[in-house]
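Got chain W; can you put chain B on it based on the hints?
The residues making up each chain are set out below.
Number of protein chains: 2
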Amino acid sequence: MATGPEAGMDDGAFRTAEGRISLLWLERLRAYLEAGRDEDVALVMEPLHSADIGDVLEQLEPAERIALVVMLGDRFDYSALTEVDESIRLEIMEALPNADIARGVAELSNDDAVFLLEDLEPEDQHEILSALPTFERLKLKRSLDFPEDSAGRRMQTDFIAIPPFWTVGQTIDYLRAEQDLPEEFYQIYVVDAGYTVLGTLPLDKFLRTPRSVKIDTIMNTTFVLVKAEEDQEEAARSFERYDLVEVGVVDESGRLVGVLTIDDIVDVIQEEAEEDIRLMAGVGDEDVSDTTVDTVKSRAPWLAVNLVTAVLVSYVIGLFNATIEQMVALAVLMPIVASMGGNAGAQTMTVTVRALATREIEGGRVRRLIRREMVVGIFNGAIFAILIGLITWLRFTNAGLGVVIGLAMIINMIVAGTFGILIPLTLDKLKADPAIASAVFVTTVTDVVGFFAFLGIAGLWFGLF
Amino acid sequence: MATGPEAGMDDGAFRTAEGRISLLWLERLRAYLEAGRDEDVALVMEPLHSADIGDVLEQLEPAERIALVVMLGDRFDYSALTEVDESIRLEIMEALPNADIARGVAELSNDDAVFLLEDLEPEDQHEILSALPTFERLKLKRSLDFPEDSAGRRMQTDFIAIPPFWTVGQTIDYLRAEQDLPEEFYQIYVVDAGYTVLGTLPLDKFLRTPRSVKIDTIMNTTFVLVKAEEDQEEAARSFERYDLVEVGVVDESGRLVGVLTIDDIVDVIQEEAEEDIRLMAGVGDEDVSDTTVDTVKSRAPWLAVNLVTAVLVSYVIGLFNATIEQMVALAVLMPIVASMGGNAGAQTMTVTVRALATREIEGGRVRRLIRREMVVGIFNGAIFAILIGLITWLRFTNAGLGVVIGLAMIINMIVAGTFGILIPLTLDKLKADPAIASAVFVTTVTDVVGFFAFLGIAGLWFGLF
Chain W
8 MATGPEAGMD DGAFRTAEGR ISLLWLERLR AYLEAGRDED VALVMEPLHS ADIGDVLEQL
68 EPAERIALVV MLGDRFDYSA LTEVDESIRL EIMEALPNAD IARGVAELSN DDAVFLLEDL
128 EPEDQHEILS ALPTFERLKL KRSLDFPEDS AGRRMQTDFI AIPPFWTVGQ TIDYLRAEQD
188 LPEEFYQIYV VDAGYTVLGT LPLDKFLRTP RSVKIDTIMN TTFVLVKAEE DQEEAARSFE
248 RYDLVEVGVV DESGRLVGVL TIDDIVDVIQ EEAEEDIRLM AGVGDEDVSD TTVDTVKSRA
308 PWLAVNLVTA VLVSYVIGLF NATIEQMVAL AVLMPIVASM GGNAGAQTMT VTVRALATRE
368 IEGGRVRRLI RREMVVGIFN GAIFAILIGL ITWLRFTNAG LGVVIGLAMI INMIVAGTFG
428 ILIPLTLDKL KADPAIASAV FVTTVTDVVG FFAFLGIAGL WFGLF
Chain B
8 MATGPEAGMD DGAFRTAEGR ISLLWLERLR AYLEAGRDED VALVMEPLHS ADIGDVLEQL
68 EPAERIALVV MLGDRFDYSA LTEVDESIRL EIMEALPNAD IARGVAELSN DDAVFLLEDL
128 EPEDQHEILS ALPTFERLKL KRSLDFPEDS AGRRMQTDFI AIPPFWTVGQ TIDYLRAEQD
188 LPEEFYQIYV VDAGYTVLGT LPLDKFLRTP RSVKIDTIMN TTFVLVKAEE DQEEAARSFE
248 RYDLVEVGVV DESGRLVGVL TIDDIVDVIQ EEAEEDIRLM AGVGDEDVSD TTVDTVKSRA
308 PWLAVNLVTA VLVSYVIGLF NATIEQMVAL AVLMPIVASM GGNAGAQTMT VTVRALATRE
368 IEGGRVRRLI RREMVVGIFN GAIFAILIGL ITWLRFTNAG LGVVIGLAMI INMIVAGTFG
428 ILIPLTLDKL KADPAIASAV FVTTVTDVVG FFAFLGIAGL WFGLF
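Chains as they are written, first to last, in our numbering: chain W, 8 to 472; chain B, 8 to 472.
This is chain W alone, in the form it adopts within the complex (with noise of 0.2 Å):
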């Protein structure tokens, strides 16, 4: 029940009861674009909050986009660019005139600004950057100074320090008389006169202590603090941990330099998870709204390993040219042994590589681990062994065939689970993702594996070789 966005539209709701933009919203926007009456763009446009201004830009073709933009002029929010997928930021940032873009930023706060600058090229950047005021430009310069993905990168540059020898209503005086606070905060930072933090003091606190109390009596002294170097994804742990709000971040020297927002490290903890997802299945760094050029590109590599990895365990196969050439039962049943073995190998590297990613994995657990997964193998190995088996007498009443079939299922099943934990295991200790490659490898391993058992396993019981 969004109470927010939809006040003050009397003439249609921007949101239908599931949620979704109501078609027939678009449709009057749609209306307004093409006929240029920019008025009642602006007008239906105006209630609306920045996350779904980014969804309206999603839904608009790329030319309707840029005309919405045009038709708000400075009524536009830039900061719904932030709400948009990468390609449709991009392109909607490059056909708008840089001193307009400039504009809009100097509107933003800092880790907004930074979003949208970040991917920009060097040339557009520079002359962004050069139109903002100097004090702007370079705190905006400190933060694209940091690494891709850190802290620094997405900090928040306005933060509230005050010394410890304050009292609590020297503190709130304070606040009611600055003009210049942040946007929103939800903690207070402490610091001596190099802005080492001291202490830290959430809002509540002084709402709830005497005004006479002096700052360092009630400040919490253990507090967690994140590097501006340091990667995102680490800083995003240490929020989950520590079920934090806020955090300060500190340069090489402990200088307080900014502040981390849960809303960011909502947005980073949603994609490292997506990441996962993304580089198990081999689709890179893609989004719903990429052109198809670039979805090609982005798949294709993974699918030329992929056939890489085929034309090899082809070759495998290959090596039982005869085998096959003497039961041809064989080539009908062999993918039955490679697919399950398959299943069972993502089955485990999926468990082992979310655990690698939340840190679920550590010390004693990964041998306990290893022996559960070989367990788990050899037990739907042997169900489903006897099934396949049984399935396998009956179709071709022949029960040898059964007894190879199901042999082949145990192998791949146990190979199966032991190479499902160990690839993920060791290319984590080589420091590469363990979601990236584990896949291909271990579908080769199974792929491998369970063809030749099969047809091996066949040719010495029926003596085919």
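Each hint can be trusted.
Dumping the calculated DSS-like pairs for lysine-lysine here, alpha-carbon to alpha-carbon at most 27 Å:
no. : chain 1 : residue 1 : chain 2 : residue 2
1   : W       : K221      : B       : K212
2   : B       : K438      : B       : K234
3   : W       : K234      : W       : K438
4   : B       : K146      : W       : K212
5   : B       : K212      : W       : K146
6   : B       : K212      : W       : K212
Among the chain W residues that face chain B by a calculated CB cut under 8 Å, a handful are:
no. : residue
7   : Q66
8   : P217
9   : A338
10  : I368
11  : F386
Keep in mind the hints are simulated off the structure, nothing from the lab. Glycine residues also receive a C-beta, built at the ideal position from the N, C-alpha and C atoms.
Same frame as chain W, now just chain B:
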């Protein structure tokens, strides 16, 4: 750089530089546990944050976990149990007397208490609730009456509500005088006599506004609320969309009954992405700490489904028995076409499933996306058709075989793209979770089409029927 949890530990840090629990630290704890030195155990555990206590519990053997909780006695912080895997939580809680649990639960905030109680057996739940003070018991019972995974289950029932005619000064005086405030809060709710929300006020507003200002002149009148019966995933989407830190929860009559805070929602967001990964890989609601038997139980159903489809696919191959018998190279090559189709289908499916989960596919974008996936299928199909065609030609010195496998590849890649997007979309339309069954359907389609197209075209081309 976590300064907090290390504080007070002079004899060996708790975490290593990489953020893992120090094995040395763990060994010492184990030694204390075995020797029954409960004062030493309490001493090393005392400085730890509840999240760290949770991590320690996960690293220990089952018997050690119980020993740790028993030795700590009343010093054990039960909120640590909200940080461990479900199976470990249940194992510990089943081993402890209900009276101890009741004493521990009484110390917790309402949302943490519900989290611990909700998965217990009804009798245990009842016994623990009965041991609590009436007021606490009623509050917990009301939360437990809301459906599983609803906002009402996750909410915190302590919040601060004030009337609109108060001033900023009156509110601050009230907060300073009131003893029974929630542990942490980020906004204050302005309500009428019937607890209908009239507005919200973030805490920083109180700190920047003079004491004499009336509340109703500064409160936010556009705000987001969630219904208690609403699914927690819906609530999480509101948090993400509007960058919220806290949101009010209302019952059917619009009465404010609790609040949801971002720290609970971060877990929901994490779980939701996690769930998609697991469902796509055919792994149920499984933890790394599950027993072997539970793991077998969770995975076998998916393997059974895979067995059925694999047998189905093998019947399709069986149709071409005679064809393969005449040209055994077909058996050697056929897994390549199926494997490439399966991979391409998984790519499209993954992008679609995640876009559906994050509500990125709406209205006009669907048609555009289907068109894109088909075109991507044609492009990648053409690229890999040429590649595999050449490889096959060189390997078997048979140009016709190269053409056949190339044609089959193009067909299967287009089919993979089309079904990779249509299957999850259809499941979503039918109100099923697109993550759960898409993978099985998509690979069945690409296997069937892959084998059928390749063997069928080969049969026609070489006149083998």
